[in-house]
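Please build the complete structure, drawing on both the sequences and the hints.
Residue numbers (this note's numbering), protein chains in the order written: chain A, 1 to 281; chain B, 1 to 291; chain C, 1 to 475.
These are computed hints drawn from the structure, not numbers from a lab. Accuracy of the hints is not assured; some may be wrong.
To be verified - Straight line, CA to CA, 30 Å or less: simulated DSSO-like cross-link-like pairs of lysine-lysine:
1) C:Lys297 / A:Lys45
2) C:Lys297 / A:Lys227
3) C:Lys42 / C:Lys363
Unchecked claim - Each pair of labels, with its calculated beta carbon distance range:
4) B:Thr67 / C:Gln207: 39 to 49 Å
5) B:Val80 / C:Tyr68: 46 to 56 Å
6) A:Arg66 / C:Tyr68: 18 to 28 Å
7) A:Ser142 / B:Val79: 52 to 62 Å
8) C:Ser271 / B:Leu284: 48 to 58 Å
9) A:Leu23 / B:Thr67: 41 to 51 Å
10) C:Asn249 / B:Gly58: 34 to 44 Å
11) A:Arg103 / B:Asp206: 32 to 42 Å
12) B:Thr67 / C:Lys251: 24 to 34 Å
13) A:Leu266 / B:Arg72: 22 to 32 Å
From the three backbone atoms N, C-alpha and C, an ideal C-beta is built for every residue, glycine too.
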Amino acid sequence: MTTSKPTSFGPRWMVGRIGFYVLIAVIMVFFAVPMLWLASEPFDKNPGLAAHWPQWTLHNFATTFRNPNLVPSIVNSLLLCGAATLITIVLAALAAYVLSRVRIPGRDALLYVLLLLSSVVTGTAAMVPIYLMMYELGLINSILGTSVVLSGGLLPAAIFMLKDFVDGVPRSYEESARVFGASPRQVLSHIVLPIARPGIATILVWSFIQAWGNFLLPFLLLQDTGKQPAAVIIHTLQNEGGGVDLSSLPVFSLLYSIPVVVLYLLVNRRYGFRFHGGIKG
Amino acid sequence: MRRVDVAGLGVPRALAFIAPAIIIIAVFLVFPALWTIYIGSTNFELTGPNSINPQFVGFGNITNAITDPQFRGSLVLTVVYVAGSAVIGQNLLGFLLAWLMRSTPKLLRSIVQGLILLAWILPGTVVAFLWFALLDRNSGTLNALLGNHSTAWLIQYPMLSLIFFNTWRGTAFSMMLYGSALSTVPPTQLEIARLSGARGWRLLRDVVLPHIRGHVLTNTLLITLWTANDFSPYLLTAGGPNHASEVLPVFIYDQALNSSQFGYASAISVLLLVVNLVIALLYLRLLRRRG
Amino acid sequence: MRIRTGLLTIGVAGCLLVLTGCIGQSPASSGNSDTQLNANAKDVTLSISSNSIVGGKNDSGARWITQYVVPAFTQMEKAKGVTVHITFNGDGSDDGSYGQKQVLALRTGGGGDILEIDGTDVGDYSESGLIKPLGAVVGQDEVSGWSGWSQISKSVQQLDEYKGQAYAIPIGTDGRVLFYNKNLFAQAGLPANWQPKSWADIITAGQALKKVSGVTPIQLDGGTAMAETTTVNGFLPMLAGAGQLLFDNGKWQGNTAAMRSALGFYQQIFSQGLADPVLDEESQGRDQSFAEFAANKIGIYAESDYMWRSILSPTVGNDKMADRNSAVGYALIPAQNPGSGIGGQNFVSYSGGGVRLINPHTKYPQQAWELLTFMASAPAIETYETQYLGGATQVTGNTEVDKKLLAGDPLLNFVSTKALPVTHFRPSEGDYTQVSALVQQATADVISGKSPADAASTYATSLAKVVGQANVVDN
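Following this line, the structure appears as structure tokens:
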């Protein structure tokens, strides 16, 4: 609608449009081809490590559900990631609001430092300190404890991104509301929250998918098979020969992917899924 | 806490809002990070004699790393990976998509965006299997499409494969961020510029970029940090063949787990942090100069 | 601002104090020294940690423990008036991650009362103060009085010993041989009953196989992607064939003639195009190699009997080979030249295997010992082999059981009677993992074109940094 003046339907315009759709098609192929495996192999009689047109069967689902850890691990994932996301989003929203509205000296530098430190803590090298610390705190084998550690790693980036959203809410709204005698709580719940809601929803999805894919932390901190999330259990899918169990893996991958997709669709439908912001130079 | 306090929070309430986040971050992020930095100054190993009595070695690990050709190689690969897949790949493709989506019919737009977002939200382990299936030498989808059965992509072109992989994986974020950025460019300005004959690159440079410079910076900064610390190359190539794709997070993992050298691995983590810091400062400086 | 800076300084200083205290503590000092602790308890809680999980990795092992060991042992104790609760901490991750998790658990006094670990880790864990000799945990008399020792062959007992003391009870072992594909051998004009007498014989066969199109003549594990498999399947048997152990008389092999010979064998194979470097470089290379061998695409493959029983098995295998028994031949790995192997051996092999040990922090050392010996008893092992392993019989930690079960399987019989007598075990030293990584790097260097002499010299330099120049032999 913006690339052309409505009057120009001439040959140049046609070529432009064709080029445009070819480009979109190429990009779609690039993004779609790797996903063929997830669409075909769960339903194939002889699933392999390569995508091919399936000989349709639901037999793999029966095989996969025979694994006693499958359903509990998805439930554990939901508990673990739900808790981690909840903690992250609530704390990040509160902190981002304050950081956006109250000028604290060295605020930006502090945020950058935390952002950088979060990269150290999510790396392999920090696993020994984190394990020993959780042991001292008595939080080994605790789903809630593990979710707090996950939140610790997610918070800086979540605050950083949310602050951009809140920065985008004009201060004049709050100022005029206060002129009319609204309390800070009313300002927050009636003005800031509604405007920032799409941002919060987006960061919520972001936090959830980060936690959902994390293997190393839950692997080390949750020793009990009955408490381990799907991210850990998917690595145990081996057959007696020690190779990847190809009858279970594609189905498990599919089931393991569904919750994040559903969450995204829900959020997208309700609030729209979008990012905001930019550092003000 | 001075200057404006538009929300009328007051100091006590502001502190109460921010304290929980600060406490969690202090205990579960800053503390282990400092501990890691401390371990980086010792010769601590997970097992063996140095696990019982680790010695303080100060900057010994750092100087070892700087003279270690394997570390230097990893550093170069990390720069290549970040530049190729994040700064160029995700950034440009994300921007291109955001730009194209503006004039795409709604249904098609939802499908394309959904597909790209799917690549971003699928769990890492699943994504790794997807790419194995794509790039496998004997039965991979790519070789089947190309009708060739001799190219082992992950072995013959490991870095190129990883760069394509990470562009595929992460473009969604840039696409969305630029999508909202482009909506801040006033349509009237675009129209005026167009009427005065500005097209293509000139239109971008003179009208669009000045509006979204902040977004470009936020985006580049975040995806650079995420990519520099990205561990997924391990799932695809495990750093191979013969270290040809061993980016720093994989190098750290290798040192920590396979060689049990936690002191050395921690020191490298610190160096990675420094690299990240330098990049962040560079971006901020660029922004200030242009601004 | 000033107050904040002050607080920060105090905080950082406080952290550092805690840190310095924490990582240096010696874990061994916190283990129990009372071997009779809770020996008469009527209510006992025990746990078993193993890298196996129902429905996943080592499913048969996990089911054996949960469905047989736990109920049978609980029943046995109940008859004595003792109530036992046993929990099973199954895992199912890759062996490196599992090991790291056990180390962290042992450091903090946690982990299962009975732990399954790899035999090569015994020395490392002992040096790190994580585990103790069985005698120190349950009492010397108890341990030496166990009747089961006489049924564990002397060579298998190397798995559980470190510096002359028993730390564990071996679970089972394996042996490395040369597997070859008789179909491809026939096409290449090679004999169906093949037994190379020297490395040159292997090369000659490889050259003949190279003429058959679409075939990788030889698969010899090498490079860093194969990790430990490179060392134990590929390099160590070659080093042994050149007359040396990696660690002998307190010293490690540095840039020695045997080292260069073993690397030279890699060079010969790879520079002549007799092996496919991609198989050694892919991160799923071992699985790919198995699949190709099963698909009649690899001529000769140096592997453990594990490939025969778990991968190629026509019934339970990963890459089932319906004609395995007729199509797959096996031969001993020859020394470089007849008589040039360690101690003048003509043929060599390497073995490994898991062991079970008792956590020094256990609250019930006597009951844990009872459980451990129950799991290692002939009936328990036989139950595992016959009822849970689904016919994929392996060499166990019990010679009686082996005599009964292995006779039916020609390859396992061959391994236990021909390969195990000439076999060696990897050094149980603390530094082994790191040295092994250097060895893998040296083979990777040769595969990618470096000369054996250069690779050996780079290896020796790095080795000296790890173990100290005084502990390295160069010649």
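Checked hints:
no.	hint	verdict
1	C:Lys297 / A:Lys45	24 Å, holds
2	C:Lys297 / A:Lys227	43 Å, violated
3	C:Lys42 / C:Lys363	13 Å, holds
4	B:Thr67 / C:Gln207: 39 to 49 Å	43 Å, holds
5	B:Val80 / C:Tyr68: 46 to 56 Å	54 Å, holds
6	A:Arg66 / C:Tyr68: 18 to 28 Å	19 Å, holds
7	A:Ser142 / B:Val79: 52 to 62 Å	39 Å, violated
8	C:Ser271 / B:Leu284: 48 to 58 Å	52 Å, holds
9	A:Leu23 / B:Thr67: 41 to 51 Å	48 Å, holds
10	C:Asn249 / B:Gly58: 34 to 44 Å	36 Å, holds
11	A:Arg103 / B:Asp206: 32 to 42 Å	33 Å, holds
12	B:Thr67 / C:Lys251: 24 to 34 Å	27 Å, holds
13	A:Leu266 / B:Arg72: 22 to 32 Å	47 Å, violated
The structure is inconsistent with the numbered hints 2, 7, 13, although it conforms to all the rest.
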